[in-house]
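> Letter by letter, the chains look like this.
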Amino acid sequence: MGEVLKILLPGLSPAVVIFLLLLFMPEKIEAWSALLWKWLSRFGVLFKHAHKRYVKHDLQGRINGFVKTLRAQVPGVAQAKMRVDWIGPEIERKAFIDQGQLVIRLRRDDPMDRNFIHGAYLFVSEMLLKKPKRYVSPSQAEALDLFVCGKLLEVEKPSVVSVFLDEYLHPRTRETKSKVALYIDDFGVIDKGGLFFPILVQELEFLGDKVFGRRRDDRIIKEVESLIEFLRPIASRQIGDHGDLDHDGDYCRFALVIVGKPYKLLTSIEPYVNYIRNALSKKDVETIYVLGRLENRPRLEEICGRIKDRYECVRQVQFSRFLRYSDRRELALQYLMVLRLRGIPIVRPSA
Amino acid sequence: MTRESIRAVHDDDLDAVLDRLGLGGKLRAGDLKCRICGEIVTRETLQALFPDSGTIKVLCNKPSCMTGLIRGRED
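Chains as they are written, first to last, in our numbering: chain A, 1 to 351; chain B, 1 to 75.
One chain only, chain B, in its complex shape (with noise of 0.2 Å):
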């Protein structure tokens, strides 16, 4: 059996893991907006991050959020 992996971010990491990828200012100074709703994505409020043409996206904590986005992969 094969196995796929879930990539993920632990809250432990999310700091760290931010300012690496330079998204640590972005978010703090409330620059970053959800790739699907467009709200502005606070500490609280990140769900998910991805690679999407170049740059990194952000996704808020809403579920139609994550629903929308997978939808969009597999359009």
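Pulled out of the complex, with its shape left as it was, chain A reads as follows (with noise of 0.2 Å):
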């Protein structure tokens, strides 16, 4: 819609601009405003309120931006929109307990725009990755929320990644031994591969949707670990390379197929179909990832179509990642589409 926008926006009057703005873009309206209201914000006596609302607006418009980014390539993970309550002296003592959720405080002095960060962090850790943090360690849940939230600063306020990076995600990554700075560096190879958000937080998010009964705690978060190790060498091979592209838990049974071969595609599509009929729909692989370049979209479409009554399509998305050659890495525009096993029970029980 963005970019729909962008071409008719100059033939329109402003007050149409404005009005199309509201309704496809808010986030952008609301970064601009809080633009505003920080320039009024000098003049306090005047504009008494117009710090709280620069804040206020300043981290909704640009959380919600990166919300909406994000949403194109893991709807699910992406469904909360943020919104700032703040709490004044009419709150009663009684009813700050019986709420039960935690209060920052956001200053009035604040050069380095901690605030800022302060906000995207709780918003990250307690909202935005809730459902796929349901069933990992807590270590593997602290390196999920500062991996997220570096990115979503580097984003949206670039200006404060460097204190984000001297309070918060040094002094948990300075040990070697940390498990926070492993987990983080897997996490940084995989997103280099393109495959953090669509597959790794996508899979996260799909266990976090399944009810257990009688689970175990320790196999499910050796699972996670052993989803992460699976997916970092994919996103760093090589074109050329081989290596197994299936995922086989017990929780996370999900499969990769990289439709990429010009010798297969040029001749047939038969053997991706037959792969995924014979090899990983007997093994009730759960979610099929079928990833190729962009100019090869028909082809995909045509795969996905063949086997629509075993497995629902349930997203498409673009990416562009750096493809590895032997010589050279190349900048490559990616369509994935995301396929479910039709009939998955959402319980699991443990026999």
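It is possible that part of the hints are untrue.
Said to hold, decoys possible - DSS-like mimics (lysine-lysine), calculated; alpha carbons at most 30 Å apart, straight line: (1) Lys94/A x Lys57/B; (2) Lys26/B x Lys177/A; (3) Lys33/B x Lys62/B; (4) Lys62/B x Lys151/A; (5) Lys62/B x Lys157/A.
As the list claims (entries may be wrong) - Covered stretches of chain A (in silico footprint by chain B; criterion: 3 or more residues with CB under 8 Å from a CB of chain B, positions within the stretch not fixed): (6) 103–113; (7) 125–131; (8) 327–339.
Claimed, not checked - Far from chain A, by Cβ distances over 12 Å, these chain B residues were calculated: (9) Arg28; (10) Ala29; (11) Gly30; (12) Lys33; (13) Glu39.
What the hints contain is simulated information worked out from the structure, not anything from laboratory work.
Each residue gets a CB set at the ideal place from its N, CA and C atoms; glycine is no exception.
Assembly of the complex is requested from the two constituent chains, each provided in isolation within its own frame, with the hints serving as guidance.
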């Protein structure tokens, strides 16, 4: 929608432009209004509440802008839109205790923009990643929070990244044997290969959607660990490398089908269809990620159309990632189709 | 799309909110300690408030205390 607006906007009257932006890009309007409030807050006596409004709209506009882009890759993980609710002098002690929520302080004197860092970290850890973190270990959860918060700040407020690194990330990754540090390194590799949000976080979210009878938390945690170990080499592999692309766990059962070999695509899509039907479908693989270059989109859709009786396409994602060849790296547009096995039970009994 | 809220108190309202919650006097007397690191919390270092077992606890402004609290809530 953003691309369409960019083409249409120059020819329209200002009132229509504002109306369209409000309708389709409210988070942008909110971020711009934050700048206005920031400017007005310099005139402290005249605009006493301007700083409060600036802090609120700055946080909401930027964080919800990030959520909107993330939703294209992992719709379920970004269902929550963030709002800042102020508590004021009218609050009753009993009501405060009954509500059971953490209240953060947002400062008037904030030269390093720590208000934004605290708000973003709280949003990522308590709302955005709630479901994907449901069954992971504390160190896996913390690494996810820190990594995703870092991504949010990189995109929405690069000026505060160094403060975040100094105060949040480095203290948790300084020790060489820190598990959090190892996970963050793994996430970095997986993200560089373009697979962090569309596959890793997506799988954790599917896992978080399930209910297990007599679940074994230790086994789920080990499986999340094996999921990360499985994705790391795939994310960094070179074109032409071979390796197992099926993750056959008890809790995460998925496979990656990379549609790329030109000699296969030029002749027929049958090898891919047969592989999914004969190898993956018979093992009841729950999610299949069919990945290829954007220019091969019609072939990918054809493959997925052939197996739609067994697998439903729940999402198509376009993104760019570096493909590694033996002598170079190439930025390529990718097309990913996420297929889910039909009739997956929500409750998973122990036997 | 649902909306979820972060609850916050702005500096402009901080003193009134603390008094209302019965924490203003304790803060001024140096009787409030950070729930995570145990250090005395002053008005300058106060970063967050939260209910805990029928009382109200506070956090200081060390980021490790914020991450520590969130880890504790997840465990």
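> All hints are to be evaluated individually against the structure, with a verdict given for each.
Verification of the supplied hints:
1. A distance of roughly 14 Å separates the Cα atoms of Lys94/A and Lys57/B; the hinted pair therefore holds under the 30 Å criterion.
2. At most 30 Å may separate the alpha-carbon atoms for a hinted pair to count; Lys26/B and Lys177/A exceed this at roughly 40 Å.
3. For the hint pairing Lys33/B with Lys62/B, the CA-to-CA distance comes to about 13 Å; that is within 30 Å, so the pair holds.
4. Between the alpha carbons of Lys62/B and Lys151/A the distance comes to roughly 21 Å, so the proposed pair stays at or under 30 Å and holds.
5. Simply put, Lys62/B and Lys157/A have alpha-carbon atoms about 21 Å apart, close enough for the 30 Å limit, and the pair holds.
6. Interface restraint, the stretch 103–113 of chain A with chain B: holds (7 residues with C-beta to C-beta distance below 8 Å; minimum three).
7. Under the rule that three or more residues need a Cβ within less than 8 Å of chain B, the assignment of the stretch 125–131 of chain A holds, with 3 such residues.
8. Counting residues of the stretch 327–339 of chain A whose CB falls under 8 Å from any CB of chain B gives 0; the rule of at least 3 is not met.
9. Here Arg28/B stays apart from chain A, with its beta-carbon at least about 16 Å from theirs, past the 12 Å limit.
10. Chain A leaves Ala29/B outside its interface by the beta-carbon criterion, the shortest separation being 18 Å against a cut-off of 12 Å.
11. At roughly 18 Å from the closest C-beta of chain A, the C-beta of Gly30/B stays outside 12 Å, upholding its exclusion from the interface.
12. Consistency note on Lys33/B: stated as away from chain A, and its beta-carbon is indeed over 12 Å from all of that chain's, at 16 Å minimum.
13. With a closest Cβ-Cβ approach of about 16 Å to chain A, Glu39/B is found to remain outside the 12 Å limit, as its non-interface label requires.
Figure legend: structure checked against the earlier numbered hints; hints not met, in rising order: 2 and 8.
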